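Novice: If you read the protein sequences in the order shown, they are chains G and R.
With the working numbering as the guide, the letters of the first sequence map in order to residues 1 to 565.
With the working numbering as the guide, the letters of the second sequence map in order to residues 1 to 156.
Keep in mind the hints are simulated off the structure, nothing from the lab.
Hints may contain errors.
[Unchecked claim] List time: in silico DMTMM-like cross-link candidates among lysine to aspartate or glutamate, alpha-carbon distance up to 25 Å:
1. Lys65/R - Asp303/G
2. Lys175/G - Glu15/R
3. Lys66/G - Asp19/G
Just so it is clear, the structure is predicted and the values come from calculations on it, not from any experiment.
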Amino acid sequence: MQISGAQMVIEALIAENVDTVFGYPGGAIMNVYDEIYKQDSFKHILTRHEQAALHAAEGYSKASGKVGVAMITSGPGFTNAVTGIADAYMDSIPMVVISGQVPMSLIGTDAFQEIDAVGISRSCTKHNYLVTDANDLARVLKEAFYIASTGRPGPVHVDIPKDVTAQIAEFDYSKPVSLETYKPNTKGNTRQIKKAVEAISKAKRPLFYLGGGVINSNASKEVREFVKMTGIPAVETFMARGTLSYDDPLLISMLGMHGSYAANMAMSETDLVIALGARFDDRVTGKLSEFAKNADVIHVDIDPASISKLVNANFPIVGDIKVVVNAMIELAKSMLNPNNYKSWVDTVNNFDKLHPLSYNEDTESIKPQWVVERIGEILGDSANITTDVGQHQMWSAQFYPFTRARQFISSGGLGTMGFGFPAAIGVKRADMERVSINITGDGSILMNIQELMTAVEKKLPVINVILNNNFLGMVRQWQTLFYDKRHSETDLSVQPDFVKVAESFGGVGYRVSTKEEFDKALKDAIEKNVVAIIDVKVHRMENVLPMVPAGGSLFNMMLLENKEK
Amino acid sequence: MENERRVVSVIVVNEASVLSRITDLFSGRGYNIESLTVAPIPDSKYSRLTIVTAGSVRVIEQITKQLHKLIPILRVYDHVDFVEKEMALIKFPISESITDIDILCQAYNGKIVNVGADMVVAMVADEPKRIDNFLKAISRFNPKEIVRGGAVALER
Numbered sequence: 001m002q003i004s005g006a007q008m009v010i011e012a013l014i015a016e017n018v019d020t021v022f023g024y025p026g027g028a029i030m031n032v033y034d035e036i037y038k039q040d041s042f043k044h045i046l047t048r049h050e051q052a053a054l055h056a057a058e059g060y061s062k063a064s065g066k067v068g069v070a071m072i073t074s075g076p077g078f079t080n081a082v083t084g085i086a087d088a089y090m091d092s093i094p095m096v097v098i099s100g101q102v103p104m105s106l107i108g109t110d111a112f113q114e115i116d117a118v119g120i121s122r123s124c125t126k127h128n129y130l131v132t133d134a135n136d137l138a139r140v141l142k143e144a145f146y147i148a149s150t151g152r153p154g155p156v157h158v159d160i161p162k163d164v165t166a167q168i169a170e171f172d173y174s175k176p177v178s179l180e181t182y183k184p185n186t187k188g189n190t191r192q193i194k195k196a197v198e199a200i201s202k203a204k205r206p207l208f209y210l211g212g213g214v215i216n217s218n219a220s221k222e223v224r225e226f227v228k229m230t231g232i233p234a235v236e237t238f239m240a241r242g243t244l245s246y247d248d249p250l251l252i253s254m255l256g257m258h259g260s261y262a263a264n265m266a267m268s269e270t271d272l273v274i275a276l277g278a279r280f281d282d283r284v285t286g287k288l289s290e291f292a293k294n295a296d297v298i299h300v301d302i303d304p305a306s307i308s309k310l311v312n313a314n315f316p317i318v319g320d321i322k323v324v325v326n327a328m329i330e331l332a333k334s335m336l337n338p339n340n341y342k343s344w345v346d347t348v349n350n351f352d353k354l355h356p357l358s359y360n361e362d363t364e365s366i367k368p369q370w371v372v373e374r375i376g377e378i379l380g381d382s383a384n385i386t387t388d389v390g391q392h393q394m395w396s397a398q399f400y401p402f403t404r405a406r407q408f409i410s411s412g413g414l415g416t417m418g419f420g421f422p423a424a425i426g427v428k429r430a431d432m433e434r435v436s437i438n439i440t441g442d443g444s445i446l447m448n449i450q451e452l453m454t455a456v457e458k459k460l461p462v463i464n465v466i467l468n469n470n471f472l473g474m475v476r477q478w479q480t481l482f483y484d485k486r487h488s489e490t491d492l493s494v495q496p497d498f499v500k501v502a503e504s505f506g507g508v509g510y511r512v513s514t515k516e517e518f519d520k521a522l523k524d525a526i527e528k529n530v531v532a533i534i535d536v537k538v539h540r541m542e543n544v545l546p547m548v549p550a551g552g553s554l555f556n557m558m559l560l561e562n563k564e565k
Numbered sequence: 001m002e003n004e005r006r007v008v009s010v011i012v013v014n015e016a017s018v019l020s021r022i023t024d025l026f027s028g029r030g031y032n033i034e035s036l037t038v039a040p041i042p043d044s045k046y047s048r049l050t051i052v053t054a055g056s057v058r059v060i061e062q063i064t065k066q067l068h069k070l071i072p073i074l075r076v077y078d079h080v081d082f083v084e085k086e087m088a089l090i091k092f093p094i095s096e097s098i099t100d101i102d103i104l105c106q107a108y109n110g111k112i113v114n115v116g117a118d119m120v121v122a123m124v125a126d127e128p129k130r131i132d133n134f135l136k137a138i139s140r141f142n143p144k145e146i147v148r149g150g151a152v153a154l155e156r
């Protein structure tokens, strides 16, 4: 079929069953937007900033498990999007990002809105393309979706010059992808898997270390089954929250810099780490030489480059978590006895009794942790939670009762402030049945506040809960602890009236300073079903605890001091 | 950690941008590429690169894994047991002792390849280490220009 490059983009998106595109038009991408206007196969959601389009597509992808699609124009449209592309790269989110480029004849001439987009995106994408001929477009777009969603997922960027979107050429999307140089291994080495299960059977204090790869591989069900049948306790990374249900008796909690005492102690005491789709990030391991010092390591990951990158794996297994765990379950049936680890589980539970994840209530003000717990009590499984970055993010990960994978969506690797709100818009689009909550801070929310307009226009009612301490809280916490209380540029006492901000865009706003007011506000916002900001005044100087100071050993935690004196 | 010289060969799809994808992995880690040669592999859509670099074993291992992860890369060899050669071209004033230069070149698999009005050009091809030695030896003949071709390597 002979069609224009712009029409090819539309046809490819339809062929890939895309139902939502997040984006922002501009000069170089106009031919494609003209075709978007003419079609009704998918919905385009106009965000109010390109960065937000990327985060919304990320949120949509994480909630649905599908490839997120974002579209932007050349030059500033693209550079605005870079943060979102990098965020998706760090958190392994499958995305296809389509950008317009100045016409081929102008490339390299410093043309209006020209920037070397593929040069910039090279280091923050899984792969990228500059399409110089419309005859390549079908193949490139098909490869883009394939590469984004297979192996270790990630963003793929396709940059299309304006004249290529106008060029008429042959379009055939039926040819299968054939990439001789890209063949991700999903199966896992059978002998290595057997050796790993043998190692588990010999271990006295094994520990599951679950990472975001479990969620990417849609293996939460299999991992839950495996944990249950083996009777081995588990810790989750920040990215893996919700893999096991919060009430799973074998789930200890999150580990790492702000992990629970029990989770970090278990990791320090274990003799066998069973790492599934986790990458031993510095926020997880603390001081590497002290991390799981007495343990052997089984490391299952789809990405060979993640294995033995930081911690040497005694049993490296390259494969898809779901496939490998299923193979392990088969072997474990005859090789493992769940009663073997009872005393180890008791030890871990005693750690937790000694220093449970907790906080001290305050009579004067609301504690931020209470807000997170309260949202959990009121909404529980019926909410999807996104966050921005900072203290509120850690409290959300610590205190929300997650019951399922893909319920908690946050910017882990890149740590992007401004992620939460647009991501929550994408989450809502993917899951209209559930309430979409963005737990945020008074710093982060202002980084993409313009998305109130998107949420109002597209009727995607996100509830933003600001844990407002009039501080750039996490930086303030570090300044208090490590910079002798010099609170350099972190005091955010001067603030907008968030209630009026929400109202001026056509949403609803609530100012909350008591627990009763919070309950009322949340219930009212859910009922009103429009975009909302609940501005909760919380205790100003609350710290996130436990805390492993950067570079410290996991077992050396700053812990909560009990107030009862 | 100890830095050591490493020779890495990479087979890549011969397409635009593939070279920058590869060099980005080195520059992003602050690693210098000592030499780099690229040429198409006959009768195929692939090219072969030979990269000489220096770095800690751990980082080089990480780079080779990351190289392999790049989509247009077919194969990566982190050479252990290999044959390695490098070519060099050297320009001398014709007033120097050409016979001596020619004899020296022959000891390093080379010869004089061009004679002009004022200059002669000599060529040698040998192991990079021996090329170093050769260049030291000919320094007294006042070489005006030296071009080293960069190492190529084949695993034995």
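Novice: Now look at each hint and say whether the structure bears it out.
Specialist: Here is how each hint holds up against the structure:
| no. | hint | result |
| --- | --- | --- |
| 1 | Lys65/R - Asp303/G | holds (9 Å) |
| 2 | Lys175/G - Glu15/R | holds (21 Å) |
| 3 | Lys66/G - Asp19/G | holds (10 Å) |
When each numbered hint is compared with the structure, no violation occurs for any of them.
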